[in-house]
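There are 2 protein chains.
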Amino acid sequence: MSLTVVGSIAFDAIKTPFGERDRALGGSAVHFSLAASFFTEVRPVGPVGDDFGDAEYEVLRRHGVVTDDIEHVEGGRTFFWSGEYEWDLNTANTLDTQLNVFGDFEPKLSDASRNCDLLFLANIQPDLQREVREQCGGVQIAALDSMNFWIESTRDALLRTIAGVDMVLMNDAELRMLTEEPNLVKAAAAVRGMGPRIVIAKRGEYGAALFTEDGFFALPAYPLETVRDPTGAGDSFAGGLMGYLDSQGGNADGGTLRRAMTYGSTLASFWVEEFGCERAERLTRDEIVGRSEQCTHMTAIDSVPAT
Amino acid sequence: MSLTVVGSIAFDAIKTPFGERDRALGGSAVHFSLAASFFTEVRPVGPVGDDFGDAEYEVLRRHGVVTDDIEHVEGGRTFFWSGEYEWDLNTANTLDTQLNVFGDFEPKLSDASRNCDLLFLANIQPDLQREVREQCGGVQIAALDSMNFWIESTRDALLRTIAGVDMVLMNDAELRMLTEEPNLVKAAAAVRGMGPRIVIAKRGEYGAALFTEDGFFALPAYPLETVRDPTGAGDSFAGGLMGYLDSQGGNADGGTLRRAMTYGSTLASFWVEEFGCERAERLTRDEIVGRSEQCTHMTAIDSVPAT
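Read top to bottom, the protein sequences are chains A and B. Just so we're aligned, residue 0 is where the first sequence starts under numbering that gives the first Met the number 0, counting upward by one. Just so we're aligned, residue 0 is where the second sequence starts under numbering that gives the first Met the number 0, counting upward by one.
Worth double-checking, as some hints may not be accurate.
What the hints assert, rightly or not - In silico contact screen, one side only, chain B against chain A (beta carbon under 8 Å); selected entries:
1) W86
2) Q139
3) A156
4) V184
5) A189
6) R191
7) G214
8) P219
9) P222
10) E224
11) V226
12) G254
13) R257
14) R281
15) D301
Because the hints were derived from the structure by calculation, they are not lab data. Using N, Cα and C, we set each Cβ at its ideal position, and we do this for glycine too.
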């Protein structure tokens with residue numbers, strides 16, 4: 000089995016009430032790949048510039064991430080994002096975005112990436128997502144993320160792309176915006192009506208919810224006393240989730256999806272404990288399994304009826 | 000076992016995107032009592048005016064609610080609240096509040112109410128809450144709710160009242176405001192440090208979370224396609240929860256608290272399907288048990304480790 004992700008590879012300048020970083024390795028494909036690497040082999044697809052050097056490649060390779068499809072653009076600079084979070088860490092104010100090499104990105108997938116079993120289309124322009132989806136004809140599960148910017152500016156393109164994937168994984172507010180439906184249950188049903196059989200609503204500090212033909216599942220977020228930087232939370236959630244599904248042979252039955260969400264949530268909980276993807280550096284498999292078992296325990300209800 | 004609640008008894012004028020009512024039976028003690036009545040005998044304590052007639056008493060009595068401690072103030076008018084909800088139903092804009100007989104309320108409890116096993120101090124002035132708590136010396140579990148208004152205007156009184164109860168049950172935003180701590184885990188720990196051994200954070204459409212010495216539990220809200228009026232959601236949650244605990248002899252071990260939260264959440268989910276407390280009229284015990292079993296199912300994760 001193998002997993003391909005297309006998305007941004009970036010340097011981020013991040014400021015939160017708990018510290019700051021001038022140039023943290025980031026981007027959706029990076030966060031996703033590092034999280035997924037704890038479960039399976041993953042191939043990120045995306046462009047970088049001359050400023051993306053051995054140190055950055057090394058972070059990925061240490062985790063077994065296959066970097067063959069990272070495209071080096073001679074003379075270019077890597078995508079750069081700068082943002083600042085408010086005291087409750089719920090709102091990121093973007094201070095600067097420099098697309099750089101990402102502005103002319105045309106995804107060119109190697110045979111190995113194209114022949115993946117699972118595909119994740121991270122939050123990029125919907126036409127690019129669709130081109131990649133079309134290159135990967137044989138995937139078992141194609142999933143996508145998106146955001147308010149694409150919903151507002153490229154709505155029709157996004158709807159066409161959604162029609163071609165199996166799973167949509169977005170913030171609950173964005174599912175509401177996409178469907179113009181304030182009720183989340185109805186919003187998820189509307190997205191399932193567009194084609195995808197699986198809809199996952201990310202709910203930030205409240206966890207995530209799953210909508211399939213089997214019904215509804217919801218998972219609270221792991222309770223953290225220390226959250227330093229929420230950057231990459233959603234992408235590490237997706238990486239843990241898709242990585243686990245890939246490790247299970249692409250099985251997406253009800254129980255497997257619930258466990259996949261638990262692993263995704265666990266990865267995201269570790270991610271936000273430190274800046275950027277720094278927590279991945281010393282994260283262990285035992286820590287992941289231990290915390291995901293805690294998640295299972297902290298949601299269990301004995302089903303004894305009232306007397 | 001018996002359960003006493005002190006709180007408002009009211010008429011509400013409610014407008015939501017799904018309809019309106021000019022004069023719905025409401026108030027925290029009413030919502031709480033009707034929800035708790037599905038599990039145990041409950042005694043609401045609160046004042047009413049001449050406009051509170053047989054029809055209103057009858058709603059309570061049909062559910063077995065003991066109305067002996069509802070104090071009729073001759074020549075007075077019942078508490079009145081008028082509010083309007085926005086399209087997403089998350090924000091209530093208060094249009095009018097008339098305290099009426101509630102303005103001079105001095106809780107006078109009968110022996111039967113004072114000798115209750117469980118006591119709920121609904122969201123009223125904290126000094127009144129504390130007076131009632133002191134009258135009920137022998138309770139097994141005293142719980143309270145509060146709100147931003149009391150946190151801002153009567154903070155010291157509220158802190159004194161909190162020190163004398165076993166359980167605090169508030170909105171997560173209000174727990175943060177009370178403790179000036181943006182992280183909910185730390186906020187709950189801070190409240191437990193004030194005395195109460197149990198803290199429950201109500202999270203609206205995201206459910207509720209429980210903090211005790213045993214750790215953390217969280218329950219998502221039941222997914223509803225139809226929400227017509229959120230008025231009374233928090234009080235019916237508290238009523239279902241406390242009513243179930245009372246039916247279990249005041250036992251508040253980990254498993255019992257989790258089931259109590261599930262029943263509370265189930266009651267709240269029925270409550271918001273219709274205006275005011277109208278859903279209680281035709282709610283059955285079988286419906287409650289059925290939906291709470293669904294809640295148990297929709298949160299269960301098989302604990303199979305990743306391979």
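Here is how each hint holds up against the structure:
1. W86: holds (6 Å)
2. Q139: violated (18 Å)
3. A156: violated (27 Å)
4. V184: Since chain A brings a Cβ to about 5 Å from V184(B), closer than 8 Å, the hint holds.
5. A189: violated (11 Å)
6. R191: violated (13 Å)
7. G214: Since chain A brings a Cβ to about 7 Å from G214(B), closer than 8 Å, the hint holds.
8. P219: holds (3 Å)
9. P222: holds (5 Å)
10. E224: holds (5 Å)
11. V226: holds (7 Å)
12. G254: holds (5 Å)
13. R257: Where the cut-off is 8 Å and the nearest Cβ of chain A is about 5 Å from R257(B), the hint holds.
14. R281: Constraint on R281(B) not satisfied, violated at 19 Å.
15. D301: holds (5 Å)
Hint violations for this structure: numbers 2, 3, 5, 6 and 14, all remaining hints satisfied.
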